[in-house]
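2 protein chains.
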Amino acid sequence: MSVTPSSAPGGPSDEEIRALDTHWRAANYLAAGQIYLMANPLLREPLRPEHIKPRLLGHWGTSPGLNLVHTHLNRVISARDLDAVCVWGPGHGGPAVLANSWLDGSYTDTYPDVTRDEAGMARLFRRFSFPGGVPSHVAPETPGSIHEGGELGYALSHAYGAAFDNPGLLVACVIGDGEAETGPLAASWHGNKFLDPVHDGAVLPILHLNGYKIANPTVLARLPEGELDALLRGYGHDPLYVGGNDPLTVHHAMAGAMDTALDRITAIQQEARADGGTRRPHWPLIVLRTPKGWTGPAEVDGLPVEGTWRAHQVPLDQVRDNPSHLRQLEDWLRSYRPEELFDDHGRPAARVLDRVPEGTRRLGANPHANGGLLLRDLPMPPLERYAVPVDKPGATLHEPTRVLGDLLARVMADTAERRDFRLVGPDETASNRLQAVYTATGKAWQADTLPVDEHLAHDGRVMEILSEHTCQGWLEGYLLTGRHGLFSCYEAFVHIVDSMVNQHIKWLRTTRALPWRAPIASLNYLLTSHVWRQDHNGFSHQDPGFVDHVLNKSPEAVRVYFPPDANTLLATADHVLRSRDYVNVVVAGKQPCFDWLTLDQARAHCARGAGIWEWAGTDDSSREPDVVLACAGDVPTQEVLAAADLLRRHLPDLRVRVVNVVDLARLMPAEEHPHGMPDAEFDALFTHDRPVIFAYHGYPWLIHRLAYRRAVHPQLHVRGYKESGTTTTPFDMVVRNDVDRYRLVMDVIDRVPGLAVRAAAVRQEMADRRTRHHDWIREHGTDLPEVTDWTWQG
Amino acid sequence: MSVTPSSAPGGPSDEEIRALDTHWRAANYLAAGQIYLMANPLLREPLRPEHIKPRLLGHWGTSPGLNLVHTHLNRVISARDLDAVCVWGPGHGGPAVLANSWLDGSYTDTYPDVTRDEAGMARLFRRFSFPGGVPSHVAPETPGSIHEGGELGYALSHAYGAAFDNPGLLVACVIGDGEAETGPLAASWHGNKFLDPVHDGAVLPILHLNGYKIANPTVLARLPEGELDALLRGYGHDPLYVGGNDPLTVHHAMAGAMDTALDRITAIQQEARADGGTRRPHWPLIVLRTPKGWTGPAEVDGLPVEGTWRAHQVPLDQVRDNPSHLRQLEDWLRSYRPEELFDDHGRPAARVLDRVPEGTRRLGANPHANGGLLLRDLPMPPLERYAVPVDKPGATLHEPTRVLGDLLARVMADTAERRDFRLVGPDETASNRLQAVYTATGKAWQADTLPVDEHLAHDGRVMEILSEHTCQGWLEGYLLTGRHGLFSCYEAFVHIVDSMVNQHIKWLRTTRALPWRAPIASLNYLLTSHVWRQDHNGFSHQDPGFVDHVLNKSPEAVRVYFPPDANTLLATADHVLRSRDYVNVVVAGKQPCFDWLTLDQARAHCARGAGIWEWAGTDDSSREPDVVLACAGDVPTQEVLAAADLLRRHLPDLRVRVVNVVDLARLMPAEEHPHGMPDAEFDALFTHDRPVIFAYHGYPWLIHRLAYRRAVHPQLHVRGYKESGTTTTPFDMVVRNDVDRYRLVMDVIDRVPGLAVRAAAVRQEMADRRTRHHDWIREHGTDLPEVTDWTWQG
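Protein chains in written order, with this note's numbering: chain F, 51 to 844; chain V, 51 to 844.
In case anyone wonders, no lab produced these hints; they're calculated from the structure.
Any given hint might turn out to be false.
To be verified - Here are the computed lysine to aspartate or glutamate pairs in the DMTMM-like style, where the Cα-Cα straight-line distance is at most 25 angstroms:
| id | chain 1 | residue 1 | chain 2 | residue 2 |
| --- | --- | --- | --- | --- |
| 1 | F | K772 | F | E731 |
| 2 | F | K772 | V | E815 |
| 3 | V | K243 | F | D456 |
| 4 | V | K243 | V | D325 |
| 5 | F | K772 | V | E722 |
| 6 | F | K772 | V | D279 |
| 7 | V | K772 | V | E467 |
| 8 | V | K772 | F | D71 |
| 9 | V | K772 | F | D598 |
| 10 | V | K243 | V | D313 |
| 11 | V | K772 | F | E722 |
| 12 | V | K772 | V | D818 |
| 13 | F | K243 | F | E321 |
| 14 | F | K243 | V | D279 |
| 15 | V | K243 | V | E467 |
| 16 | F | K772 | V | E467 |
| 17 | V | K772 | F | D631 |
| 18 | V | K243 | F | E275 |
To be verified - Computed from the model, here is a short list of chain V residues facing chain F with C-beta under 7 angstroms:
| id | residue |
| --- | --- |
| 19 | L107 |
| 20 | T165 |
| 21 | E201 |
| 22 | P234 |
| 23 | V269 |
| 24 | P289 |
| 25 | R460 |
| 26 | V502 |
| 27 | G588 |
| 28 | F589 |
| 29 | G595 |
| 30 | D782 |
Where is the CB? At the ideal position from N, CA and C, for every residue including glycine.
If we strip away everything but chain F, and leave its shape as in the complex, we get (with noise of 0.2 angstroms):
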């Protein structure tokens, strides 16, 4: 293994290194200690078999790595006197972080059950992935921590986030070998063509190769060392190598490269700030070459451990039974010297602490890890001004994204200044119509532009990039430091970070029971471009999923939407971009669309979540209706309210009720989801027992399993989207998943008692208009006129 020595003149004395070493040594000796240890922490008697944990859980390999870059991130913060912090890719390695929090104090003012000394030591390894205790991984419950590292991919794309509009912060990110070969990651490189070095902070990855996986070399550890430099290069920064296995050589190279990296880092940002930013730099990054499970068992039972795979999670297994595994693991605990340490109360010497930072500079309690604290509410402008008027109900159309988007350049506008609002976007926020952003601030872009270019800036805080994983990581670093956002994107596309939003749902559920972890805004999904009309691409682009898979989540977490048009669109944004700790996914369509409410009956109605539309049913409160016509969603919304006209005419004296469903979270229980409505809500709008038509967005099974405990749900009907998609008209879709007005009519005629003989003729008439509508598609390739030039007449 190569050792490259930095280059850079002057850098630390033999005495400083030394120092280091020690505090590294500390590091390492808690990490392993954390893995294996349930009594006698600091060795003070021979190791016994009943010292040791009876389930040997945790990851060693990435340990020793992450500690050493961690002891050489807190001699730079103390030199510089550094605001940072760091993503640890890696995160698996939580033994390595949870060591250095409590090395440098932040775990014990954190739980100061945890005490800096033998006690709070022994606890610290007892309840490390221990039952009750703590997760294994860095994890919510780690001081310091932004990001989880359990699901690999999201380091850097997290780190870009948090640097974003931060320009005094340095976001340091291991990133690890394996890590490196996920999608997600291998997109994220392309994070500095996004990176403003007069309005951002920097970001400094380092690439940890320690050559394996959970079993297999990896890719980047196998590459020639011209053709990584390339490739990093290639991603436009300026490398830095550090490497070998023999540590005070290690650490002189480290402290080089660190010294290095933040003297260009300086330069490149006083020269940005000097003259406006007018060059995309090219940012450093250090390449750390280490062997996976460093200072560890070198070989175990005759086969080697340190830098191979097997040193991955615990090295030596089977301590309690193994006398000779027990020999062997006291020896390398031993190796670190203990007793030079920490000293007679098992505090960390001083020698040991000699680089630590003090206070908010501390990695583990840098208030930007902790984004609630730094949090201001987003200023959000009166509604008044950007709702559409209603004189009527249906007789206007408004694009209600295209509405929201005015808004949104107002947000944008009114923190131009604090910087603390972005939208981000895979390429689609003039596609979703919500371009007026553009009159407030630019697209964020550093590379060249042409004459021909639109809305590109330096400062801009719109984030275009044709990769959800990014977008998704880049507003999850930004939500994590204290910041406020909006993802907008194609519905059936946001399943690709499914996984992403998995994670961010556990991280939200976990710090609800945290309460040092101030909350943080919103995640909030705009899914436009939805299903319905998906006129130009088909099939592919026809999925309404996302929700299903979002509430399978903690429902303490997760929030959904359906406004059905443009003013209950404004009333649940200004909600959602107003709220902590969620994640709201607001579907909303970006084609014209009939406005049904006002802003105040908006309002009203988002605060219900679920109402009756009276003004667009024909029952009575006085008497419970003949049926009932229920809807979520834009497009479903205007199918029901066209078969409720279409009932009026042919059927008036049949009572129709209207309801339609904003916050679809109402339709279960209480006990199940904070907006759950309470049985006699539900009752009170559904009835108990009266046919239920519903015209859902999406798969219609979703409503039953919401509601299939309720006393109606016998006689509930559900319409929506079974998959049925191709390039067709908008009203040919309904038509294929039978949520077109004539088959709701149909519907009722079916399922009302007594209905099927007297309304026969018209029924008779829906499937004729069904009919006639396949015939004329096929020959003029759109829509029905009678469908096109409807328009609400109640």
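Guided by the hints, dock chain V onto chain F, whose structure is given.
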């Protein structure tokens, strides 16, 4: 825009170049015609509004570039008699690929009504993106395609999948600069570290930099040339550059680059096949830099279009209503000189077809792109050889996936010559305990090796890279070209490919309606290291929701299995590996699991999909039971059996029926899924009206959503994972989620009428045991001995 002429000697004559240009013009004409025309296809008369489609849909921007690549692939295929397919990453440019398929006659071979003459041309134009017609993208309906191109990111991994084990095949792969920004694409560049030049075919990536996405410049197109070159060399390629906007110059350069690339590929393969392939080659790659919407309108309404993002979809809109646009369209179409391209009957002129290959050499007719034509049944060994002996249920333990590993090793060995079976996984094959396969083959690896490495081999057919996206893409490409495979994955992280599996299921669903598409092998998932046994990793690794996601999709293409022990896993694996055109999800544990069924019993149970385990219950067939204990999944099955055991001992006269479900879709109504049970059969298993306590592996509401129409549904009480996880013991996981044996017994007591009083003491005992559990694990960190020592005593 720079032009880099090929440096290859020789190259095509000017005459040949002009013939290529004629073909390209024809393809461009046909592409534009599809977007715009519904009549007058040959422009025999001046263009009038009624010739124009009423809805203008399609993507022009990428089409000229795709046409250029197709034209030049035709040339080299003809000249070198190549066996070649092409993956069109920018597959939304459907008009281009359809145009070429019509030109080479493969479209008419596939759809005889679309003749290669004027009438057929009119039909080709009209049906494009027209209701009842064909999708706007390259799609399953497109001859020669294995790739949709609607959701971007998977072109290159599909191409590698197609090339593996096809040593005679060239797989060209066009990568758009938009798609190149996605994570999955960014990761898939490293496929060349896994491509064996001896046993695999060649992949020729063609990176098409047309500069813009929907609304933005692309990252790669704006890299300085040196940075782009470094990046591509860092990816391990030896790039060739072609660019410009003068067609004849670009044709010359492209022909030269194609020749150079293919010469290099031949040299690489010949050398490797002579010496056994000891070095990883640097494969060629072509960078093609041409304007977006090339040859289309330069300006529209005073704004530049050609060469900008405005050319992305339909460059001229409102053509029916805007006479100036209509005239501009006519000028544009006539600029291709259709009178030179087609004869009086509308047939392509001879000069157009000069370099078009014939028969199965045509890209639209290569059987590799209709892989089912080449598919052979897998040689499946007799399961008896691998089955575990079961003298009595629940007396022995095996690790199911390890048992499966022996079977897979045999399949690997028996396909050593045929090379048509691969196992993919993100670095988890051994972690998932399938390592027996290494006795039969190695892990594919072309990079350097070290002495400490194990099981790496140039020609290995186990594929491990830490990218679920790449694993999925490789396997899809491999299956779509007529081979077999299995994807083993941690259960939680298979969500990473949610969106990819969506697209694959959509593909399968569409091909099922296309008689000319031969069935392909199913895509088989083995989900293991599942939610209940993430002792090392905790909450981030706990998510059983992939099943929910998949069950939202087309039921004809989706199957889900929960084999409860080793022998049922064998029987399930045997079934899924023989099946066609499905996505099969098999969820099974890797941890020691009780053996419940003999192989014969397992086969019978799997054939039924769900059944009563008479030996486990206390009811008899003469009467309805008092309660049904149902289970799906290995851990819930164990808890249900343990609960049945407790009930037998504590409440011996209670008639308990135990039902196990292997095939989850059996719970669905027969009319909703091909495997769904008729009501009578369902009721015979679960009763009409007795309490059913169902312990399910995943989110409990899924069972409700599948079974809500059944008579017994009001009595159905489901326990499952409810997002309560952390790093803890296996039994604590079931306790936290209320799926443990004690809770199940309490559920029975709570729900069987009359039992609450009679069995109050038993209930208290169960509650006490849960308390004892909590106390015990917090003290000892391990599960109660009464749990870990439990065996079935039936």
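Taking the earlier hints as the rules, which of them does this structure contradict? Hints 1, 2, 3, 6, 7, 8, 16, 20, 24, 25 contradicted; others consistent.
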